[in-house]
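Asks: In case you want the letters, here they are:
Protein chains: 4
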Amino acid sequence: MNKGRLEAFSDGVLAILITIMVLGLKPPQTADLSGLIALGPELATYLISFVYLGIYWSNHHHMLHATTRVNGKILWANLHLLFWLSLLPFVTDWMDEARFAPTPMAAYGVVLLLSAAAYTILQNAIISEEGPDSKLAKAMGKDVKGKVSLLFYIVAIPASFFRVWISGLLYVGVALIWLVPDRRIESRL
Amino acid sequence: MNKGRLEAFSDGVLAILITIMVLGLKPPQTADLSGLIALGPELATYLISFVYLGIYWSNHHHMLHATTRVNGKILWANLHLLFWLSLLPFVTDWMDEARFAPTPMAAYGVVLLLSAAAYTILQNAIISEEGPDSKLAKAMGKDVKGKVSLLFYIVAIPASFFRVWISGLLYVGVALIWLVPDRRIESRL
Amino acid sequence: MNKGRLEAFSDGVLAILITIMVLGLKPPQTADLSGLIALGPELATYLISFVYLGIYWSNHHHMLHATTRVNGKILWANLHLLFWLSLLPFVTDWMDEARFAPTPMAAYGVVLLLSAAAYTILQNAIISEEGPDSKLAKAMGKDVKGKVSLLFYIVAIPASFFRVWISGLLYVGVALIWLVPDRRIESRL
Amino acid sequence: MNKGRLEAFSDGVLAILITIMVLGLKPPQTADLSGLIALGPELATYLISFVYLGIYWSNHHHMLHATTRVNGKILWANLHLLFWLSLLPFVTDWMDEARFAPTPMAAYGVVLLLSAAAYTILQNAIISEEGPDSKLAKAMGKDVKGKVSLLFYIVAIPASFFRVWISGLLYVGVALIWLVPDRRIESRL
Numbered sequence: 008m009n010k011g012r013l014e015a016f017s018d019g020v021l022a023i024l025i026t027i028m029v030l031g032l033k034p035p036q037t038a039d040l041s042g043l044i045a046l047g048p049e050l051a052t053y054l055i056s057f058v059y060l061g062i063y064w065s066n067h068h069h070m071l072h073a074t075t076r077v078n079g080k081i082l083w084a085n086l087h088l089l090f091w092l093s094l095l096p097f098v099t100d101w102m103d104e105a106r107f108a109p110t111p112m113a114a115y116g117v118v119l120l121l122s123a124a125a126y127t128i129l130q131n132a133i134i135s136e137e138g139p140d141s142k143l144a145k146a147m148g149k150d151v152k153g154k155v156s157l158l159f160y161i162v163a164i165p166a167s168f169f170r171v172w173i174s175g176l177l178y179v180g181v182a183l184i185w186l187v188p189d190r191r192i193e194s195r196l
Numbered sequence: 008m009n010k011g012r013l014e015a016f017s018d019g020v021l022a023i024l025i026t027i028m029v030l031g032l033k034p035p036q037t038a039d040l041s042g043l044i045a046l047g048p049e050l051a052t053y054l055i056s057f058v059y060l061g062i063y064w065s066n067h068h069h070m071l072h073a074t075t076r077v078n079g080k081i082l083w084a085n086l087h088l089l090f091w092l093s094l095l096p097f098v099t100d101w102m103d104e105a106r107f108a109p110t111p112m113a114a115y116g117v118v119l120l121l122s123a124a125a126y127t128i129l130q131n132a133i134i135s136e137e138g139p140d141s142k143l144a145k146a147m148g149k150d151v152k153g154k155v156s157l158l159f160y161i162v163a164i165p166a167s168f169f170r171v172w173i174s175g176l177l178y179v180g181v182a183l184i185w186l187v188p189d190r191r192i193e194s195r196l
Numbered sequence: 008m009n010k011g012r013l014e015a016f017s018d019g020v021l022a023i024l025i026t027i028m029v030l031g032l033k034p035p036q037t038a039d040l041s042g043l044i045a046l047g048p049e050l051a052t053y054l055i056s057f058v059y060l061g062i063y064w065s066n067h068h069h070m071l072h073a074t075t076r077v078n079g080k081i082l083w084a085n086l087h088l089l090f091w092l093s094l095l096p097f098v099t100d101w102m103d104e105a106r107f108a109p110t111p112m113a114a115y116g117v118v119l120l121l122s123a124a125a126y127t128i129l130q131n132a133i134i135s136e137e138g139p140d141s142k143l144a145k146a147m148g149k150d151v152k153g154k155v156s157l158l159f160y161i162v163a164i165p166a167s168f169f170r171v172w173i174s175g176l177l178y179v180g181v182a183l184i185w186l187v188p189d190r191r192i193e194s195r196l
Numbered sequence: 008m009n010k011g012r013l014e015a016f017s018d019g020v021l022a023i024l025i026t027i028m029v030l031g032l033k034p035p036q037t038a039d040l041s042g043l044i045a046l047g048p049e050l051a052t053y054l055i056s057f058v059y060l061g062i063y064w065s066n067h068h069h070m071l072h073a074t075t076r077v078n079g080k081i082l083w084a085n086l087h088l089l090f091w092l093s094l095l096p097f098v099t100d101w102m103d104e105a106r107f108a109p110t111p112m113a114a115y116g117v118v119l120l121l122s123a124a125a126y127t128i129l130q131n132a133i134i135s136e137e138g139p140d141s142k143l144a145k146a147m148g149k150d151v152k153g154k155v156s157l158l159f160y161i162v163a164i165p166a167s168f169f170r171v172w173i174s175g176l177l178y179v180g181v182a183l184i185w186l187v188p189d190r191r192i193e194s195r196l
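Each protein sequence line maps, in turn, to chains A, Y, F and V.
Taking my numbering, the leading residue of the first sequence gets 8, the next gets one more, and so forth.
Taking my numbering, the leading residue of the second sequence gets 8, the next gets one more, and so forth.
Taking my numbering, the leading residue of the third sequence gets 8, the next gets one more, and so forth.
Taking my numbering, the leading residue of the fourth sequence gets 8, the next gets one more, and so forth.
Hints may contain errors.
Same chains, same label: a pair holds when it works inside one copy or across any pair of copies.
The calculated lysine-lysine pairs, modelled on DSS-like cross-linking and capped at a C-alpha distance of 27 Å, are [to be verified]: (1) LYS149 / LYS33; (2) LYS142 / LYS154; (3) LYS142 / LYS152; (4) LYS152 / LYS33; (5) LYS33 / LYS154; (6) LYS145 / LYS80.
Think of the hints as simulated: they come from the structure by calculation, not from any bench.
What you are looking at is a predicted structure, and each value in this text was computed from that prediction instead of being measured.
Please take these sequences and the hints and turn them into a complete structure.
Replies: Dropping the structure here:
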């Protein structure tokens with residue numbers, strides 16, 4: 008089975024997710040700079056969710072590039088990942104409307120955590136198909152960045168009920184860790 | 008005529024359908040967990056419709072993979088399938104807003120039934136082009152899963168006027184039958 | 008210059024146009040069949056616009072399939088076509104909201120007429136690049152269907168101010184003429 | 008790393024951006040021509056933003072066509088460009104709702120300026136990967152059109168606070184400069 012359509016479909020879903028969030032951005036209520044400033048939090052959450060989806064697209068691109076074949080299990084692991092990512096605009100909106108209240112902040116982290124878990128499942132499904140001696144398996148190595156991210160999310164979710172800015176910082180922190188595309192794969196290929 | 012653009016266009020439409028449903032998910036009305044719990048039914052119908060569209064994408068992927076050429080009839084059979092699938096977000100919304108009233112529950116089943124019928128028409132159009140000795144024709148065999156699904160829908164539609172939970176169970180049941188990608192094709196190729 | 012991205016971009020825009028119209032379909036206001044029946048006109052205009060976009064996609068597919076190379080002029084002729092088609096959901100909505108009043112009915116025809124003109128311009132740009140002896144130029148021949156369509160639109164636009172059902176019939180008529188994919192090209196290739 | 012998915016993803020995002028703006032076009036409030044005329048400004052801004060996105064797609068197409076390979080830096084330079092372009096529907100809406108007030112007019116220019124800067128960064132990232140003797144580097148030459156555009160935007164942004172029609176004219180002017188696809192690249196290839 009070839010991977011072309013899996014890439015094309017994932018590109019389609021990610022491209023739509025990344026752009027429908029902009030539909031949630033209502034024009035400022037006033038025609039001056041204060042209107043734009045009042046929208047600051049919405050623009051900031053749009054930016055962070057855009058960056059997260061960009062990171063997933065970029066890493067997905069790298070991982071599939073190193074993949075030689077796909078099977079039914081991989082197709083569904085990929086749809087599972089897309090399902091959690093599709094909830095990102097939903098929790099972003101909630102976080103905005105609730106003005107960064109603890110529960111929506113935690114919900115944002117839960118969606119990020121489940122997306123990361125789904126990505127790991129997809130990665131394992133691909134490695135299991137490719138074999139332990141494949142380029143991808145070797146390139147992944149210990150997957151330190153992946154494990155650190157999961158740890159950050161697990162800390163950030165309960166933290167939002169104490170200090171929301173801590174979980175906010177942790178979400179930004181994970182994004183910064185990943186902003187650099189996965190050089191492990193790039194350097195091996 | 009090559010099948011590349013038919014796949015690309017179908018991927019585009021399915022990717023958009025699967026993601027526009029998330030636009031229908033309004034953020035919870037309160038900033039605590041009770042707001043999220045109140046959205047439970049919407050999230051459940053989002054999940055089931057997402058899974059249905061995922062199943063169609065996955066089976067479409069498998070079927071087209073086993074297809075060697077397309078003609079004008081296949082193009083239109085494919086557009087016909089996409090038309091019925093495009094109504095899925097519409098009936099999902101109706102079911103949500105009417106809180107699982109009998110008529111919207113039946114309407115959901117009608118759209119699923121007509122989508123399944125359209126898929127069968129597309130399959131027959133492809134088999135008729137490929138010939139009875141083609142890999143696809145052999146892989147399809149008796150198409151037991153397809154026939155069981157049609158039967159389930161035909162029972163579920165009237166059942167919604169007696170007990171809505173029966174049709175709900177049947178819709179979930181069909182999804183579970185298909186969640187495993189079509190191994191008939193996969194094992195033959 | 009290769010035609011792959013022109014096809015991919017056009018597929019993307021057409022796939023989105025064909026599916027965003029479904030966003031305009033609000034769920035029925037009541038939870039019974041009368042609610043669905045009240046939406047009959049919206050569903051009918053959704054169907055006709057879906058068919059028109061399907062026709063353009065199908066004919067575009069056939070035409071580009073017979074095209075060997077593209078230039079800057081063809082890129083812009085294609086964007087020009089996509090611009091007019093992008094207004095189809097807009098005039099469809101207007102026609103619905105205004106309950107088939109004469110002006111929106113005429114506006115629908117104007118958008119169809121300008122789309123058809125844009126398609127002809129694109130076709131001429133491609134034939135001019137391919138040369139008069141190309142397969143496409145020969146396959147087009149006298150383009151009777153194209154000319155009949157233009158005539159129908161030109162009659163339908165003023166007719167909507169006298170009897171809206173006449174223009175309605177003419178729009179359906181053109182769709183029926185084109186529903187069969189362009190056999191001129193198919194038979195030559 | 009191949010450039011196919013970068014093109015496909017960019018095509019997806021641009022196709023969605025170009026078509027979601029049409030979702031912002033509400034049907035006219037009355038069923039006669041006066042309703043359509045009242046929407047004139049919205050239609051005009053839709054047209055200009057459509058043309059801008061078309062220009063970016065066309066130039067992106069040309070530039071990537073002349074690109075032989077991509078790296079992680081290019082992926083992110085491309086996502087950065089898509090981020091600024093994704094804000095175009097947002098500022099277009101604001102400009103419409105605020106009836107061309109100075110601040111939204113300036114904001115439109117700021118988004119155009121940052122998109123142009125992001126395009127230049129992407130171009131430099133590609134040239135740096137391709138090398139100074141590559142076809143692309145030579146085709147770009149002095150990039151007069153790019154520099155003139157930046158100058159126009161820099162004048163237009165403050166100008167909107169004195170006379171909005173001046174910045175309006177400058178935005179239309181830049182669009183006209185670029186409407187012709189980049190013949191520098193086309194003629195060299």
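Asks: Between LYS149 and LYS33, at a C-alpha cutoff of 27 Å, which is it: within one copy, between copies, both, or neither?
Replies: Result: close neither inside a copy nor across copies, 43 Å intra and 39 Å inter.
Asks: If the cutoff is 27 Å on CA atoms, where do LYS145 and LYS80 land: within, between, both or neither? Let me know, please.
Replies: both (21 Å within a copy, 23 Å between copies)
Asks: With identical chains, the pair LYS142 and LYS152 could be close in the same copy or across copies; at 27 Å between alpha carbons, which is it: within, between, both, or neither?
Replies: Within. Shortest intra-copy distance 18 Å satisfies the 27 Å Cα cut-off; inter-copy 38 Å does not.
Asks: Are the CA atoms of LYS142 and LYS154 at most 27 Å apart within a copy, between copies, both, or neither?
Replies: within (20 Å within a copy, 43 Å between copies)
Asks: At 27 Å max between alpha carbons, let me know whether LYS33 reaches LYS154 within a copy, between copies, both or neither.
Replies: neither (37 Å within a copy, 32 Å between copies)
Asks: Please sort LYS152 with LYS33 into within, between, both or neither, judging by C-alpha distance up to 27 Å.
Replies: So LYS152 and LYS33 fail the 27 Å test inside a copy (35 Å) and across (33 Å) alike.
When each numbered hint is compared with the structure, violations occur for hints 1, 4 and 5.
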